[in-house]
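Residue numbers (the numbering used here), protein chains in the order written: chain E, 1 to 270; chain U, 1 to 319.
Hints were generated in silico from the structure; no laboratory data involved.
One thing to keep in mind: the hints can contain errors.
Said to hold, decoys possible - Here's a subset of chain E near chain U, in silico, CB distances under 10 Å, partners left out:
#	residue
1	35
2	48
3	127
4	137
5	190
6	193
7	198
The model shown is predicted, which means the values in this text are computed figures rather than measured ones.
Backbone N, C-alpha and C fix where the C-beta goes; we use that ideal spot for every residue, glycine too.
What follows is each chain in one-letter form.
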Amino acid sequence: MSKTVALGIVLFSNPGSEIRRLLRSLEVAVLPSGVQQQWLWWDNSPTDRLRAELGAAPQPVKYWRTEVNVGFSIAHNRLMREAFSSSDCDWYVCVNPDAMLHPRCIFELIQVAEREPRPGLIEARLFPDEHPKPYDPITLETPWCSGCVLLVTRSLFETIGGFDENFFVYCEDVDLSWRARAAGFRTLIAPAALVHHHAQGRPILRSRELAVRRSAAYLAMKYGAADFAGRMLGEYERLGGPSFELPKPSVRSAPRGSFEHDLRFAESRW
Amino acid sequence: MVSPGVARVPSVDPKREGAAERPSGFSSRLLSVVLWVEDKDPLLDECLFAVAGQSYRPLELIVVGRRSDRQLLNAAVEQYSKLEPFEHQVLLNQSYARAEALSEGMAQAHGRYLAFLTADQVVYPDHYARLIQKLSELDSAWAMSGFVRAYLDKKARGAPFIQWKQEHPAPESFDLLWYHYNRPVCSSVVIDRTRVGKFPLAFSNDEGPIENDPLFFKLAAAFRPALVLGIPSCEQRMSRARTVFERSPELAKISVPQWPRLLTLRLRVLAAVDRGKTRLRLQSPFLYRVAKGIGNWSSRVISRRSLREHFNSLSRGGS
Chain E
1 MSKTVALGIV
11 LFSNPGSEIR
21 RLLRSLEVAV
31 LPSGVQQQWL
41 WWDNSPTDRL
51 RAELGAAPQP
61 VKYWRTEVNV
71 GFSIAHNRLM
81 REAFSSSDCD
91 WYVCVNPDAM
101 LHPRCIFELI
111 QVAEREPRPG
121 LIEARLFPDE
131 HPKPYDPITL
141 ETPWCSGCVL
151 LVTRSLFETI
161 GGFDENFFVY
171 CEDVDLSWRA
181 RAAGFRTLIA
191 PAALVHHHAQ
201 GRPILRSREL
211 AVRRSAAYLA
221 MKYGAADFAG
231 RMLGEYERLG
241 GPSFELPKPS
251 VRSAPRGSFE
261 HDLRFAESRW
Chain U
1 MVSPGVARVP
11 SVDPKREGAA
21 ERPSGFSSRL
31 LSVVLWVEDK
41 DPLLDECLFA
51 VAGQSYRPLE
61 LIVVGRRSDR
71 QLLNAAVEQY
81 SKLEPFEHQV
91 LLNQSYARAE
101 ALSEGMAQAH
111 GRYLAFLTAD
121 QVVYPDHYAR
131 LIQKLSELDS
141 AWAMSGFVRA
151 YLDKKARGAP
161 FIQWKQEHPA
171 PESFDLLWYH
181 YNRPVCSSVV
191 IDRTRVGKFP
201 LAFSNDEGPI
211 ENDPLFFKLA
221 AAFRPALVLG
231 IPSCEQRMSR
241 ARTVFERSPE
251 LAKISVPQWP
261 RLLTLRLRVL
271 AAVDRGKTRL
281 RLQSPFLYRV
291 AKGIGNWSSR
301 VISRRSLREH
311 FNSLSRGGS
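Use the sequences and the hints to build the structure in full.
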C-alpha cells in the first residue's frame, strides 16, 4: 500500500519568482519508492494573485484562501488536519515558500522518519548558512526544529496537535519542539536534507522584528520565563510596536530548551 | 567598432607561459564560474546546489577537473540547472594538471566577470550579486568579500557536520598584510576581465590550496580591490588536516632572488602554529584564544618589513 507525504505551503504576498522557484524544486524532487506526494497551499494574501502562479504546477494542487491573514500557525494547522484526515498520509511537511528544496530533501526527511525510533519532528538542514544551534551528528537529536522545512509525523499530530495558534508567526516551531519532547517524541535533523534558505543577509524589517519579539514574549510567558518575557516586551516597546495583550497560555510547563541564549533558544556551535 | 554590451578585450601575449587564451569578446553581464573538481569530492553536491541558488544571473558554470565520471557529473549539473537556469559545460580529463584545467576553463569562459570555486566551497545566495554590484559602482579590476572557514567533524554520518566557523570579514581598507595573513579563499574573488589589461590570468603548477596560488597575490599587488563589507558570503569547508598555512605560496612558487632566510623560517613557524591553533580550537577554546593572540603578535613583529618589501617588488612587476 502506498504512503503519502503532504507538503503544506502557506503564502503571504510572496513574489511570483519565489513560487516558481519552489515549484521547480518540487518538480525535480525524488521520493522513496511507494511514496506519493500531495501539495496543499494556503494563501493568506489579500488578493488571489498567487493562485495564477500555481497554474504552472506540474501536478494538481489544493488551494485555500481566506480574506484575512490568519497567520502561520493557524494556516498550517488547517492544512495538517486536511492532510491527516486521509488515512494513507503518514507525514506532513511544512515548506516555506521562499525555500528551494534540494532534489533529495523530502527523500532524506522520510528516510530519517522511517529509520529513527519515535520521531516527532524532523527538520531539513538550512543551507548554505546553516543555523548555529547544536545537533548530535550521531543521534541527529537537536533541541528544537526550525519550521522552514519541517516534517511532522502523524503520531505527533494525533498526540499533541499542531502549532499553538496563539503564535501568529515566529517561535511556534520552538514551542512545538518543546511540547513534542515533553510528550516523549524526538526532535531530529536530517543533515542530508538540504533546503536553500537565506535568512542571514535579509534586510532588517521593523515589522519582522516586532513580530519576533511579540512571539518570543508569549513563548517565555508560556514556559514561565518572566525575565525573558519582560526583556522582549521592553524591546518591543522601544521599537514602537502598538500595544497588545499577551494571550494567556492554556498550559504552563518547564522549557525543554533554554532562554539563556537569546532568540536562538539553544547554545551556538559558533 | 565595439557592439553594444560587448567589451573590447586587451590583447595578451600568447607566448607568455601559462597565460590563458582569451576569447575575443566577453558577454557584458555574464558571470563565468570556473569550478575545479577532483575525484572523491564529497562536498561537490553542496557546492553545485549553492551555485544553483545564486541570485545573480546570467551565470555560466564551467566544471573542470580530472574526474572519470563525466556522465554522472553532467547529469548532476543538468539537474541543478533546472532549479534556477544557468549555462554549463563540463571539461574533464584525467591527465589534467590543475593549472592546465583552470586555464582551459578560463579560455572557454564567455563572461566579463570571472570567478573561481572549488568543490569544498559554498557561496551564499547573494554573494556574486553583491560583488558584481560593487564592481559596477567602482572602477576596480576585482572585488573581494569576506569569507568563512567552516571546520568539519568527520564523525558525522552521511553529511558534513560543521563544528565551528571562523568569520573573516573584508577589511574596511585593503592592506596586503591583511591579505597575506588571512589568505582569502578563491571564491571570495570576482575579476572583471575588461579591467585587468595585460595582467596574465594564469595559475601556477602548484597543487596546494588554490587560495595560495601566486595569481591571487599578484592580483592583489597589482590592483586595489573593491571591498564588499558586511556579512561574509562564501565558505571554505576545512577538514582537520587542511589548515590555512598548509602550504606556503611564497615558498612554493614565488621566487625572489634575495629571499630572506628569516622570512622562510617565519613561514614554517606560522604553518606549525596554525596547525596547533586549529587543534587547540577544537579541544580547548581558551588555550586557542591565548595561542592566537601570541601567534598574531609574534608573526607581525617578525615579518612586517620583509613582507612589505616582497609585495612592493611584486607590484613593480616582479614574477
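Tell me if the interface restraint on residue 35 of chain E is satisfied: Cβ within less than 10 Å of some Cβ in chain U.
Hint on residue 35 of chain E: violated, closest Cβ of chain U at ~20 Å, above 10 Å.
Quick check on the hint: residue 193 of chain E CB to chain U CB, less than 10 Å?
holds, 9 Å
At a threshold of 10 Å, is the proposed contact between residue 198 of chain E and chain U supported by beta-carbon distances?
holds, 4 Å
Against chain U, with CB atoms and a cut of 10 Å, does the hint on residue 127 of chain E hold up?
holds, 7 Å
Would the hint on residue 190 of chain E be counted as holding, given a Cβ-Cβ threshold of 10 Å to chain U?
holds, 8 Å
Hold the hint about residue 137 of chain E up to the distance rule: shortest CB distance to chain U must be less than 10 Å.
holds, 3 Å
Hint check, residue 48 of chain E versus chain U [nearest Cβ-Cβ separation less than 10 Å]
Since the shortest Cβ distance to chain U is 26 Å, the answer is violated.
In this structure, the earlier hints numbered 1, 2 are contradicted, and the remaining ones agree with it.
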